[in-house]
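The listed protein sequences derive, respectively, from chains A and B. The letter at position 21 of the first sequence is residue 21 when you use UniProt numbering, and the numbering goes up by one with no holes. The letter at position 520 of the second sequence is residue 520 when you use UniProt numbering, and the numbering goes up by one with no holes.
It should be emphasised that the hints constitute simulated quantities derived from the structure, not laboratory data. Heads up, none of these hints are tricks.
A pair holds if it fits inside one copy or across any two, identical chains being indistinguishable in the list.
Mimicking EDC-like on lysine to aspartate or glutamate, the simulated pairs with C-alpha atoms at most 16 Å apart in a straight line are:
1. K232 x E276
2. K292 x E155
3. K415 x E161
4. K417 x E156
5. K415 x E156
6. K31 x E156
7. K31 x E233
Since we're looking at a predicted model, the values are computed, not measured.
Number of protein chains: 2
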Amino acid sequence: LDYQHVQVPFEITLWIMLASLAKIGFHLYNKLPSVVPESCLLIFVGLIMGGIIYGLNDKSPPVMDSDIFFLYLLPPIVLDAGYFMPSRPFFENIGTILLYAVVGTIWNVFGIGFSLYGICQVKAFHLQDVSLLHNLLFGSLIAAVDPVAVLAVFEEIHVNEKLHILVFGESLLNDAVTVVLYKLFRSFCEMPTIKSVDVFVGVGKFFVVGLGGVLVGLTFGMTAAFTTRFTKEIRVIEPLFVFLYSYLSYLTAEMFHLSGIMAIIVCAMGMKRYVEANISLKSHTTVKYFMKMWSSVSDTLIFIFLGVSTIGENHEWNWPYICFTVIFCLIWRALGVLVLTFFVNRFHVNTITSKDQFIIAYGGLRGAICFSLVFLLPDFHRKKLFIAATTVVILFTVFVQGMTIRPLVDLLAVKRKRESAPTVGEQIHIRFLDHLLAGIEDISGHWGQYYWKDKLEYFNSKYLQKILLREYDQPKSSIVLLYEKLERKHAIELAEAGQLGHAPSHPSLINNDRTVITDKKLEVTLNPDVLENIQEILARNLYRIRRTGPAYNRHTLPGETEHAEHAKEILILRHKSL
Amino acid sequence: LDYQHVQVPFEITLWIMLASLAKIGFHLYNKLPSVVPESCLLIFVGLIMGGIIYGLNDKSPPVMDSDIFFLYLLPPIVLDAGYFMPSRPFFENIGTILLYAVVGTIWNVFGIGFSLYGICQVKAFHLQDVSLLHNLLFGSLIAAVDPVAVLAVFEEIHVNEKLHILVFGESLLNDAVTVVLYKLFRSFCEMPTIKSVDVFVGVGKFFVVGLGGVLVGLTFGMTAAFTTRFTKEIRVIEPLFVFLYSYLSYLTAEMFHLSGIMAIIVCAMGMKRYVEANISLKSHTTVKYFMKMWSSVSDTLIFIFLGVSTIGENHEWNWPYICFTVIFCLIWRALGVLVLTFFVNRFHVNTITSKDQFIIAYGGLRGAICFSLVFLLPDFHRKKLFIAATTVVILFTVFVQGMTIRPLVDLLAVKRKRESAPTVGEQIHIRFLDHLLAGIEDISGHWGQYYWKDKLEYFNSKYLQKILLREYDQPKSSIVLLYEKLERKHAIELAEAGQLGHAPSHPSLINNDRTVITDKKLEVTLNPDVLENIQEILARNLYRIRRTGPAYNRHTLPGETEHAEHAKEILILRHKSL
Numbered sequence: 001l002d003y004q005h006v007q008v009p010f011e012i013t014l015w016i017m018l019a020s021l022a023k024i025g026f027h028l029y030n031k032l033p034s035v036v037p038e039s040c041l042l043i044f045v046g047l048i049m050g051g052i053i054y055g056l057n058d059k060s061p062p063v064m065d066s067d068i069f070f071l072y073l074l075p076p077i078v079l080d081a082g083y084f085m086p087s088r089p090f091f092e093n094i095g096t097i098l099l100y101a102v103v104g105t106i107w108n109v110f111g112i113g114f115s116l117y118g119i120c121q122v123k124a125f126h127l128q129d130v131s132l133l134h135n136l137l138f139g140s141l142i143a144a145v146d147p148v149a150v151l152a153v154f155e156e157i158h159v160n161e162k163l164h165i166l167v168f169g170e171s172l173l174n175d176a177v178t179v180v181l182y183k184l185f186r187s188f189c190e191m192p193t194i195k196s197v198d199v200f201v202g203v204g205k206f207f208v209v210g211l212g213g214v215l216v217g218l219t220f221g222m223t224a225a226f227t228t229r230f231t232k233e234i235r236v237i238e239p240l241f242v243f244l245y246s247y248l249s250y251l252t253a254e255m256f257h258l259s260g261i262m263a264i265i266v267c268a269m270g271m272k273r274y275v276e277a278n279i280s281l282k283s284h285t286t287v288k289y290f291m292k293m294w295s296s297v298s299d300t301l302i303f304i305f306l307g308v309s310t311i312g313e314n315h316e317w318n319w320p321y322i323c324f325t326v327i328f329c330l331i332w333r334a335l336g337v338l339v340l341t342f343f344v345n346r347f348h349v350n351t352i353t354s355k356d357q358f359i360i361a362y363g364g365l366r367g368a369i370c371f372s373l374v375f376l377l378p379d380f381h382r383k384k385l386f387i388a389a390t391t392v393v394i395l396f397t398v399f400v401q402g403m404t405i406r407p408l409v410d411l412l413a414v415k416r417k418r419e420s421a422p423t424v425g426e427q428i429h430i431r432f433l434d435h436l437l438a439g440i441e442d443i444s445g446h447w448g449q450y451y452w453k454d455k456l457e458y459f460n461s462k463y464l465q466k467i468l469l470r471e472y473d474q475p476k477s478s479i480v481l482l483y484e485k486l487e488r489k490h491a492i493e494l495a496e497a498g499q500l501g502h503a504p505s506h507p508s509l510i511n512n513d514r515t516v517i518t519d520k521k522l523e524v525t526l527n528p529d530v531l532e533n534i535q536e537i538l539a540r541n542l543y544r545i546r547r548t549g550p551a552y553n554r555h556t557l558p559g560e561t562e563h564a565e566h567a568k569e570i571l572i573l574r575h576k577s578l
Numbered sequence: 001l002d003y004q005h006v007q008v009p010f011e012i013t014l015w016i017m018l019a020s021l022a023k024i025g026f027h028l029y030n031k032l033p034s035v036v037p038e039s040c041l042l043i044f045v046g047l048i049m050g051g052i053i054y055g056l057n058d059k060s061p062p063v064m065d066s067d068i069f070f071l072y073l074l075p076p077i078v079l080d081a082g083y084f085m086p087s088r089p090f091f092e093n094i095g096t097i098l099l100y101a102v103v104g105t106i107w108n109v110f111g112i113g114f115s116l117y118g119i120c121q122v123k124a125f126h127l128q129d130v131s132l133l134h135n136l137l138f139g140s141l142i143a144a145v146d147p148v149a150v151l152a153v154f155e156e157i158h159v160n161e162k163l164h165i166l167v168f169g170e171s172l173l174n175d176a177v178t179v180v181l182y183k184l185f186r187s188f189c190e191m192p193t194i195k196s197v198d199v200f201v202g203v204g205k206f207f208v209v210g211l212g213g214v215l216v217g218l219t220f221g222m223t224a225a226f227t228t229r230f231t232k233e234i235r236v237i238e239p240l241f242v243f244l245y246s247y248l249s250y251l252t253a254e255m256f257h258l259s260g261i262m263a264i265i266v267c268a269m270g271m272k273r274y275v276e277a278n279i280s281l282k283s284h285t286t287v288k289y290f291m292k293m294w295s296s297v298s299d300t301l302i303f304i305f306l307g308v309s310t311i312g313e314n315h316e317w318n319w320p321y322i323c324f325t326v327i328f329c330l331i332w333r334a335l336g337v338l339v340l341t342f343f344v345n346r347f348h349v350n351t352i353t354s355k356d357q358f359i360i361a362y363g364g365l366r367g368a369i370c371f372s373l374v375f376l377l378p379d380f381h382r383k384k385l386f387i388a389a390t391t392v393v394i395l396f397t398v399f400v401q402g403m404t405i406r407p408l409v410d411l412l413a414v415k416r417k418r419e420s421a422p423t424v425g426e427q428i429h430i431r432f433l434d435h436l437l438a439g440i441e442d443i444s445g446h447w448g449q450y451y452w453k454d455k456l457e458y459f460n461s462k463y464l465q466k467i468l469l470r471e472y473d474q475p476k477s478s479i480v481l482l483y484e485k486l487e488r489k490h491a492i493e494l495a496e497a498g499q500l501g502h503a504p505s506h507p508s509l510i511n512n513d514r515t516v517i518t519d520k521k522l523e524v525t526l527n528p529d530v531l532e533n534i535q536e537i538l539a540r541n542l543y544r545i546r547r548t549g550p551a552y553n554r555h556t557l558p559g560e561t562e563h564a565e566h567a568k569e570i571l572i573l574r575h576k577s578l
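Just chain A, same shape as in the assembly (with noise of 0.2 Å):
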């Protein structure tokens, strides 16, 4: 026997293995699930191996190590995310939502930070030596919102898309306002003194971290985009190039010390569109497979191992301290989602309702984040009372917070999602609505959201398509994909359910009248073609006639271009006739 040999990687396989033997028991009941979020069941698991572990060897089980949770088990939940970010909805809110994400975490870690210095200042719960900044740092780990748990959560009550894209997108994007608090804070905390002029670098860090993360996952994603051209004659690595710059990506942002999750998001969501045009269909088939699973997997590792990691003796108990943490978590959060909605639905026509702010708030659930940076906290006398605190609030977010949501979903009567895709009518339409608005905007000069999306089309498919799409002679719009899809599944279920009317792989079985068989065909089989034209001429025109034809735009001067002259000239002629 050879143990050592084998060690490491066996061990990897045999936890792997026991969280998708995990995974597997809660759903042969089919009613646990229903009741229960997994994120609990498997914390629970976690929680008896830890026991076990900690029965059997009489001293505290292994603690998720921080490094193996930022460097392998984070990344692949983080790009399963971005890869399948609905980006309309996101790109919609994308103002709420970084208001949430930027300016509710930090007042969040202020509020949370300063209450609880308050609560230390109280004698008779010995807190007196818990520092003003200890407080803060505390505070700025544990006020940020967690994405693995929020997913783990919401993929499972189904709230309207909005709602969803609001939280979850809250909890992906401030990981550059974390990461730049807590490393602000954890510096703060072992300088001799603060200077004012280490405040302001702080506020410019944050600027650095956040759009340097943006600024490395989109070269990678386009590098990426753009390896995908060249990878005709090897389909079988497609798939692999994905994975690698993504994660890569991270890494390099992690490296500079920038904010690795938007890193990868960016990366994730830039590249999607032209890596899925470029590669197989097989080969997406196994990248959107294999990344559902990857991120399924480390998400169930991750909360097996935090309750494995809450057994043992790393806890210091404080009644007062930690009580309090979870009362200011609650309440921080909801003022905070009060007062941030409340100038959020003054500048919006299609407002937040309360019961939305309700679950916005009540769906802040914290995670393995705050506990890998909980351990990460430079030793100090106190850091076992920050961890007995972390430990509490994410147990509390997650059971209670985690198994109340769906039941008070219902009770709320909250905006569900809609079941059923649009359809290509549907699609068809809002494209329509697209253009119709961003020619408002253009002609009222307002520089809103479909003026830049409009833009931003353009630079598309005037540049970066010629340069990062293999076949650029035929680009398919989206609702030609669609439609394609649409058929290809068809095609398959009438395969499946043996309706296909031509079998040519057994002709000796097709009877003798296939002359007419074949006429009839070709006469049905217009139709999908003429749809095809008709979609394309479609989708293509309604931009062609935008772009073509004359606009007026305030933001150009005259004599700018040939179309502003135009342009001018028009105007010029509806004033006379006026």
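With the hints as your guide, set chain B onto chain A.
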């Protein structure tokens, strides 16, 4: 910049990226891959990389770690080989393959070992200090044909299936012999005296290592099949089990010093059939695709590392020893193939032609396994000479033999692989013949391969399928599955060509004479159903008739079973009528 933190995953990702990009690069020039095998090009890239590293650092570049090779790079390739192993030709030629793998490898080890010892006795060569045992140890590592190198070359030249399976099967199954002999001689080298008991223990070990590997593989394979019975609710982690269980089988076998390669191959071959039936179509695409991708990347990395490791100061050059090693490797292999094939041909109707023999002998490529084993040798003063000799043999076989084998196959007009897949008619015929031959063997009382295959099939359908398959009610024969696959493929082709007769997703566009079409369709769609019925009846009943009908067997005692009674009665009747 915090490189330390992300170093390990970053460098691994970069190496994989380099390998993938190198692969893309080769395929950009269409002519290059058709002249030079990819393995040669990759070694060449490795040599350049190694040269650059050597030039920059002025010290030997890092050598491929044997642990990394055996634990991480080899398993994906062997798993892929086992999973996609054409089981029919493999089992039809299992005797010949085992003869080549076991007797052939032993022949080569002792042949090369003793003749090199002879060379060492020549005083002019200054090699008298290399003992017989060291020569045998060297022989044991240099004799084994390498599956990775064989696969890389033979996948490109498309020889006929039998020839391919003979060379490739040998390279896989010689693992047990190589492991045993290598470890035996290595332990002998460290012993003061060798008793005859040790030699007998060595012979016994061979069976333990080989059969132990098979047993471990079977256990894990069956467990994997059993596990996939319960994954219906969580399709997304299905592919994981295929990888986890096969990797565990490899690691477990290695842990107990059994043959890991045998274990993973048996595991993959054993689970394949049941897993395919249990998991969803998309999961299966992902499994296949990912396996191919993974093995392709491992393969690329191995050859690049082989090139990188060649550069450096690990070598001791001795012209006679190195030249004679190459010559003896060629001679003993050729002799071995000739002698063994002589015996094989005496017992087979379908003989191995002399052309085939030449390709078998010439295709005995050495690769990364030898390379890793030579670095695992205990330190002694001539280790660098062995490393040099091994490197030269590998480079010689991969470059000279690998590059000339394709022209030679063309020149000799070796029978090629048939391009098209067998038709349904052929499949029915093959299956029919199988049952016929099983019957003949049964009547003649010969325990041949068809007899055993039939017994196994019976055991499978009576016990294994009931335990391992989820939907046992509808067992589908391979013909029905093939038919379904063809239908599905055809449907997708139709859909992609826009030829699908009927598109219910856009009912408004279908013209009015719909009823006519539907009528026509009904008339035609009967055919696939009828066909499926015919095939199912054929596939199942051919078997059932044999099972339930009377069968004479000289190995069943009178009165043993009811059937035997019945058979005896018929026999008596026949005797009387004669």
